[in-house]
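Sequence order for the protein chains is A and B.
Taking the working numbering, the leading residue of the first sequence gets 1041, the next gets one more, and so forth.
Taking the working numbering, the leading residue of the second sequence gets 17, the next gets one more, and so forth.
Hints may be right or wrong, so weigh each one.
[As the list claims (entries may be wrong)] What follows is a set of in silico ranges between Cβ atoms, one per label pair, in the way DEER data are often shown:
| # | chain 1 | residue 1 | chain 2 | residue 2 | range |
| --- | --- | --- | --- | --- | --- |
| 1 | A | Gly1234 | B | Thr210 | 47 to 55 Å |
| 2 | B | Leu360 | A | Ala1112 | 34 to 42 Å |
| 3 | B | Leu101 | A | Pro1236 | 43 to 51 Å |
| 4 | A | Ser1213 | B | Leu101 | 44 to 52 Å |
| 5 | A | Glu1176 | B | Pro251 | 41 to 49 Å |
| 6 | B | Lys350 | A | Lys1199 | 40 to 48 Å |
| 7 | B | Leu101 | A | Ala1112 | 27 to 35 Å |
| 8 | B | Gln216 | A | Lys1167 | 24 to 32 Å |
| 9 | B | Lys350 | A | Glu1109 | 38 to 46 Å |
| 10 | B | Asp180 | A | Pro1236 | 45 to 53 Å |
| 11 | A | Glu1109 | B | Glu176 | 32 to 40 Å |
| 12 | B | Val416 | A | Lys1167 | 48 to 56 Å |
| 13 | B | Glu326 | A | Glu1109 | 50 to 58 Å |
In case anyone wonders, no lab produced these hints; they're calculated from the structure.
Even glycine gets a Cβ: it sits at the ideal position worked out from N, Cα and C.
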Amino acid sequence: MWHKTEGPEVGGRPSRREFLRTAGAGAAAMFLCGHAPYGQWGVYRRRHLLILTSRADPPSFELGKRVAEVLADRLPSSKAQVSRAPHKERIASLISSQQLDVALMRRDDAAALRQGRPPFADHGPVKLFTVVGIGEYLFVCRDDFAARHAWLIAEALDKSRSALPELLLPSGSSSEPPDSRIPLHPGAIGYFTGAPVPGLEPHAHEDHTHEVDVPQ
Amino acid sequence: MMQSGQFWIITAAATLLLSATAAHADTTSVKAWQIVRVAKTGAHCVDDKNCMNRMHPAIKPVSRANPGQHIVFETRDAFDSDFNLGSKPEDVSAADLNLVHPLTGPVFIEGAQRGDVLAVTLLDVQPDDYGYTVIVPGFGFLRDRFTKPFIANWKLNRKEAVSDQIPGVVIPFNGFMGTVGVLPGQPEVATILTREATLQSAGGVVLTPQPLGALPSDVCGQNGSSKNECLRTIPPRENGGNMDIKQMVVGTTLLLPCFVDGCGLFVGDVHFAQGDGEVSGTAIEMGATVTLVTEIRKAQAAKVKVPHFEGGDQLIRLAPTEFYATTGFPLKAKGQIPPYHTYLDSQKIGPLENLSEDLMLAARNALIELIDWMVGERGLTPEQAYVVASVAADLRIGNVVDVPNYAVSAILPTTIFRK
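Working from the sequences, and respecting the hints, build out all of it.
What follows is the structure in structure tokens.
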């Protein structure tokens, strides 16, 4: 499979090395702009796609584990892992403060965060977008999440529909968001409408941090 | 001559008096000290008017105490976390880093002025029942080697700590304040912000002011009066703070230069136990109830420009009764640049196999040797061994003269291993 090999792009798709370089570009961009609160932690959060779920909402954690498994299989260079916040307010805090980039949220909660309504009034509004819907949950990200990554995640999950426990939306070639209150991310729209995988935004190429190149 | 009736009245009165005296003789009711208690309220720092997680002179005191009074601080864990005995690695990656460290205070010490020294003697540390040690990816001394989150949940009492994640290991109690300090003054804040910004521009690891999650919010939060000046709590500085020095145990006295009138004493981030180095980035972190007493040493700050501490025989009990130790020297493989040197951008370091006068590399090598020993001889996983080293092993400087190879040892008390 293409994503399990090193080397140059084939058919416009990214190599593992390229995705590694750009994985978590939202966080990376933040770090490079000097906004990241913890540069050292940013290393890990930049190298892994951490999917936020809530300990107070056990189904979200179970779904997050499954989504991480699917992405680990189809998009291993994302290094996707599930992350478990103690409650949904912490999810809002981590997303709004740009410490983490993506989350599985219930629709009403995602809408409340996007609009800055309770219980997220202290953390929003956040320009939240949907990558895909999975059952009652939305896989959401901020507007600064790289279109290329949203496209790749949407593709990976779309092609693994049978491996997911709930219905994945949109279906077919629709660009209708699963919930009208949270629009689809442009990268996801691109994937579901048949557009080619986008190129990298300029900031995603920046890589000056000393922590990145430490010996492994 | 006393009449019979009078005798019995007096006898009855005396009996009553004696019994009343006996009831009051319970020693628990005898109070010897004046106590100021800085209580913890609510689940987290944000719920607690006595809690802050940034440092700035504009932060108002939450309590006042006289020198000589016992001050009881109820403190929170370093991450202001929701961790518990069931916490797992996936909980670690969701920690909100803007909340580090929740600190109890500041307390205004009556009579203390800028230019004085505040002597703080630690009287007692009462641990919570629960503590944790985490490996935080990207953080810690061997951050290049330990790249996945890990958590050990500890059950605590005043004697020792045990963890299901590291069976067979028992860590003795040695509680101390990981973070204790006084508020910086306005001149100090200006100096600190400038020098840390300069270091950041040189590529150093610096945490600049971050209003998100900052407390107290009226000073340090997003709409706070000093939101761009509130200092983060990770680095210790001249005003004390997150020093993480395990020798500051009960009975020792910490001397802090006072930068604002009243000093603004704060306490938090209490550690149940820690090795010299705190190598994984965390000790056995816990909430605790800390009791201390203060004394003002007038106009002594010119002699104590940074924290000093003094004591008696307290360090004797920290010495192991049985141990195993490794050593390290500043040697490395060609092409390797230790993580803490990369910001120097030195072209010379890469090709070298031997660095000159480099204690950091020596310490790193001693630690790696010790971890390998624990894995090989004690059957621990690397993550378990790293955590054990963080809470129990001491990195000690052997020499800083034997050029180019200064020596560091890593000393582990082997009594922590129980069959």
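Margin query: Please list, smallest to largest, the hint numbers that this structure does not respect.
Written below: Per hint list: zero violations.
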